[in-house]
Amino acid sequence: MPRIITCYKWVKDEADIKVDTSSRQLTLDRVGYKISDYDRNAIEEAVRMQEQHGGSVIAVTVGPPSAKQSLKDALSRGPEEAYFINDPSFAELEPAQTAAILAAVIKGRLEYDLIICGEGSSDLYAQQVGPRLAELLGIPCATYVNKLALEGTRINVERKLDDGIEKISLPLPALVTVLPDINTPRLPGLKQVLAAGKKPVHNIGLKDLGLTCEVTLNTTGILAATMERRRLRFGAGNEDIRKVVDALLKEGVIA
Amino acid sequence: MSGVWVLGERREQTLELLNAGLGLARELGTTVTAFAIQDQGLAKTYIECGADTVYLLGSLAPEQPLEDYVPVIVDVARQKNPDIFLISATPRGKEMAARIAARLGVGLGSECTRLRLDENKSLVMERLMFGGAAVQTVVCLTRPQMATIPPRTFEPAVPLANREGEIIELPAPPAGKVRVLERKPRVQESVDITEARVVVAIGRGVEKQEDIELIQELANVAGGELGCTRPIAEELHWLPENRYLGISGQKIKPDLYIGVGVSGQIQHISGIRDAKVICAINKDENAPIFEAADYGIVGDLYAVVPQLTRELQRVLKK
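If you're matching them up, the sequences are chains A and B in order. Residue numbering for the first sequence is 79 to 333, as defined by our numbering. Residue numbering for the second sequence is 218 to 535, as defined by our numbering.
Please note that the accuracy of each hint is not assured.
Computed list of lysine to any residue pairs in SDA-like fashion (alpha-carbon distance at most 25 Å, straight line) [unchecked claim]: (1) K112/A - A169/A; (2) K96/A - S480/B; (3) K245/A - G230/A; (4) K225/A - R403/B; (5) K425/B - W455/B; (6) K96/A - E306/A; (7) K470/B - D241/A; (8) K297/B - K401/B; (9) K150/A - R264/A; (10) K500/B - L239/A; (11) K185/A - G393/B; (12) K245/A - S480/B; (13) K500/B - E306/A; (14) K338/B - N236/B; (15) K238/A - P367/B; (16) K297/B - R360/B; (17) K493/B - E329/A; (18) K90/A - P142/A; (19) K245/A - P391/B; (20) K321/A - P523/B; (21) K245/A - N236/B; (22) K245/A - A278/B; (23) K285/A - V323/B; (24) K534/B - L327/A; (25) K394/B - K328/A; (26) K245/A - E399/B; (27) K225/A - I384/B; (28) K238/A - R227/B; (29) K500/B - G313/A; (30) K245/A - S465/B; (31) K185/A - G110/A; (32) K338/B - V323/B; (33) K401/B - L453/B; (34) K394/B - E189/A; (35) K328/A - E412/B; (36) K185/A - V395/B; (37) K401/B - D259/A.
Quick caveat, the hints were computed from the structure, so don't treat them as lab data. Computed from a predicted structure; not experimentally measured.
Please work from the sequences and hints to get the whole structure.
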C-alpha cells in the first residue's frame, strides 16, 4: 500500500494583483492566497491513488508562518496529516531552497513510496522543485505526467511532452510532477472542512532542520509585464467593423 | 572557466541557443560549447554555426530516456566549470536543467526570455511570473549561471565561413532507473500554429462546438489558423491540445491575432503577447482582453463575426 507525500505551495492569487501602469509596480498588499493551482491536482491525484490502493497521504508545505491558513484547505482535500515547515524567512524562497528544505524534512522524518508535486507553482512557475527534490533524495522522477498507474513496486506513467507521449516505468520510491489535465480536483464539502480541523499538523521550524539555505538565484526586480497596445474600442455596427478592417489592411497584417 | 555552454534537445533549438550563446561569448571574450545528441553530422553543423567545441553524447539504448544524460553532463560540467549554461526549455530540457542544477548545487533561471550581461559581466535574466502578469529579473550567484530558454526565443545561428572546432565524444550513459516503455510521437498536424501569420482564437464566449464553423470561416477568409484558450482544448476538447495558446500552451508571434469570445486571462495573454496586432471581439466591455488589444470590438460575437467575415471577403476579394 503506497505511502504518498504530496507537496504544495501557498501562493498569492495572481488574479488579485493590481498594477500601477506608470511605475510598473505591483500592488500585492491586498491579494488573496490560494493553494497553487497545479498543486491541487497533485493533492487530488495522491488522494485518488489512496482511494484505489489504500496506504497513506501526507501533505507537506514550506512557507512563512502565515501559510498556516492553507492547512485546513489542504487537509479538507483528503490527506490525513500535514507537515508545515515554516519560518518568517520562508516568504520568498527560490526553487533550490524550497527543494532543499523539503528534502531535509523528508529524509529524516518520513517514509514514503511516492512523492507527487504539481508541474510548477502558479506564482514563479519555475518547474524546478519536483526534479530538484528527486535529485536531492536520490530517487527517480518523471515530470509532466498526465496518467499514472501503480504496478507492484513500480509506477508506470505517461508524460505529455512537446513531441508526443512518452510512457515510462519507474521503481519506487519515485517522484512525479503532474499536469493539470490529470484530474479535476474535488471541491471539499462542509464535512471535509470540519474534519480537516481535527487532522494532525506537524510544525517544523528552521532550527529543527539544521540547514542553511543559501541564495543561489537572486531576484533583482519584479515589474508588471507591459504591453504597448493601442486599446482602441469599436462597436458592433457595420461602420465600426469597416473601420477595423481598414485599419488591419493599413497595418499590413491581412492580405 | 570554459565559456558558454548550450544544450538543446533538437537541432533547431540548439542553433537558437548557439546564437544567444555566441552573443554572450563575444561580450565575455570566451568560447562556446554545444552538445550534440548521438549525431556526428549535427556536431559538425554546430561547429559551422559557431561552436568552438562540441560534446558528442553517446547513443542511448531504446529504453533509455533522454534524461539519462544528466550524470554525463554533470561530470563534464564539474571538470570544465562553464561560466554560463543555457538549456532549451522543452519539457525534457526543463527537467534535465533542474536536475543538473540540483546536482551542481547552483541556481537556475527558468524559461528566460531575455538575457544580458551587467557591468560585472553577470548574466541578467528576465522571465515571466504570476501567470505572465509580471517580469522577474534574476541573477545567478553561483557558477555556472544556468538558464532555460523557450524554443523560438532567439533566431537560429547560421553557418559561418571557415569554421573549425573540436568534437569530443562523451561515453554513452549507463542505464538509469527509469525505463521507457513506449513513445507515441504526436500526430503531425498539417499546420503548425506557431508558424501561422494570422491566428483566430476561440474562447468560452463561443457557446457550442458547432459554432466553431462560424469562426473557421473567419479564419479562412483572413488566411489564418484556429487557436483557442485552455478550457476549449483541455476541458471541452473542441480543438486539439496543441492549438491552445498560453503560458503553458503555445506561444505565438503572428502578424494578427483575433480573439473571439476570449475573456483574456493573463495566462492566455502570455501566449499571444508577441503578436504584432491584437484584435478582440467580446460582448463584455470589461473583459480584460480589451486591455491587451489594439482593436477591441464590443459586441455579440454571433453578430460581429459574420459581419467581419463579409467585410474581409469584400476588401480581400475572396
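Evaluated hints:
Distance check on the hinted pair: K112/A and A169/A sit about 14 Å apart at the alpha-carbon level, within 25 Å; holds. With a C-alpha separation of about 18 Å, the suggested pairing of K96/A with S480/B holds against the 25 Å cut-off. Taking the CA atoms of K245/A and G230/A, the gap is about 17 Å. The hint holds against a cut of 25 Å. Under the criterion of a C-alpha separation no larger than 25 Å, the hint pairing K225/A with R403/B is consistent with the structure, at around 16 Å.
Proximity of K425/B to W455/B is assessed by CA-CA distance (about 9 Å); at most 25 Å being required, the pair is judged to hold. Distance hint between K96/A and E306/A is fulfilled; the C-alpha atoms sit about 18 Å from each other, no more than 25 Å. Taking the CA atoms of K470/B and D241/A, the gap is about 20 Å. The hint holds against a cut of 25 Å. Distance check on the hinted pair: K297/B and K401/B sit about 37 Å apart at the alpha-carbon level, beyond 25 Å; violated.
Distance check on the hinted pair: K150/A and R264/A sit about 15 Å apart at the alpha-carbon level, within 25 Å; holds. Straight-line distance between C-alpha atoms of K500/B and L239/A comes to about 36 Å, which puts the hinted pair past the 25 Å bound. For the proposed pair K185/A and G393/B, the alpha carbon gap of about 22 Å is at most 25 Å, so the pair holds. Of the supplied pair hints, the one linking K245/A and S480/B is violated, its CA atoms being roughly 35 Å apart against a limit of 25 Å.
A distance of roughly 23 Å separates the Cα atoms of K500/B and E306/A; the hinted pair therefore holds under the 25 Å criterion. Restraint check: the Cα-Cα separation between K338/B and N236/B comes to about 18 Å, which is no more than 25 Å; the hinted pair holds. Only pairs whose Cα atoms come within 25 Å are accepted, and K238/A paired with P367/B is accepted, the gap being roughly 17 Å. Between K297/B and R360/B the CA atoms are separated by roughly 11 Å; this keeps the pair inside 25 Å, and the hint holds.
With a C-alpha separation of about 9 Å, the suggested pairing of K493/B with E329/A holds against the 25 Å cut-off. About 13 Å separates the Cα atoms of K90/A and P142/A, which keeps this hinted pair within 25 Å; it holds. About 20 Å separates the Cα atoms of K245/A and P391/B, which keeps this hinted pair within 25 Å; it holds. Taking the CA atoms of K321/A and P523/B, the gap is near 15 Å; set against the 25 Å cutoff, the hint holds.
Among the hinted pairs, K245/A with N236/B is inconsistent with the structure: their alpha-carbon atoms are about 33 Å apart, more than 25 Å. In summary, the hint linking K245/A to A278/B is supported, as the alpha carbons are separated by about 15 Å, within the 25 Å threshold. Restraint check for K285/A and V323/B: the C-alpha separation of about 23 Å stays at or below 25 Å, so the hint holds. Between K534/B and L327/A the alpha-carbon distance is near 13 Å, which keeps this suggested pair within the 25 Å criterion.
Using a Cα cut-off of 25 Å, the hinted pair K394/B and K328/A is violated, with the two alpha carbons roughly 58 Å apart. Of the pairs offered as hints, the one joining K245/A and E399/B holds, with about 5 Å between alpha carbons and a cut-off of 25 Å not exceeded. Taking the CA atoms of K225/A and I384/B, the gap is about 40 Å. The hint is violated against a cut of 25 Å. Taking the CA atoms of K238/A and R227/B, the gap is about 17 Å. The hint holds against a cut of 25 Å.
A hinted pair counts as satisfied when its Cα atoms are at most 25 Å apart, and K500/B with G313/A qualifies at roughly 10 Å. This hinted pair checks out: K245/A and S465/B have alpha carbons roughly 21 Å apart, not beyond 25 Å. With a CA separation close to 32 Å, the supplied pair K185/A and G110/A exceeds the 25 Å bound. Proposed proximity of K338/B and V323/B is supported: the alpha carbons are some 18 Å apart, at most 25 Å.
Between the alpha carbons of K401/B and L453/B the distance comes to roughly 23 Å, so the proposed pair stays at or under 25 Å and holds. Using a Cα cut-off of 25 Å, the hinted pair K394/B and E189/A holds, with the two alpha carbons roughly 20 Å apart. Taken as a hint, the K328/A and E412/B pair is honoured in the structure, with Cα atoms around 22 Å apart against an allowance of 25 Å. A hinted pair counts as satisfied when its Cα atoms are at most 25 Å apart, and K185/A with V395/B qualifies at roughly 21 Å.
At most 25 Å may separate the alpha-carbon atoms for a hinted pair to count; K401/B and D259/A meet this at roughly 18 Å.
Checked against the numbered hints given earlier, this structure breaks hints 8, 10, 12, 21, 25, 27 and 31; the rest are met.
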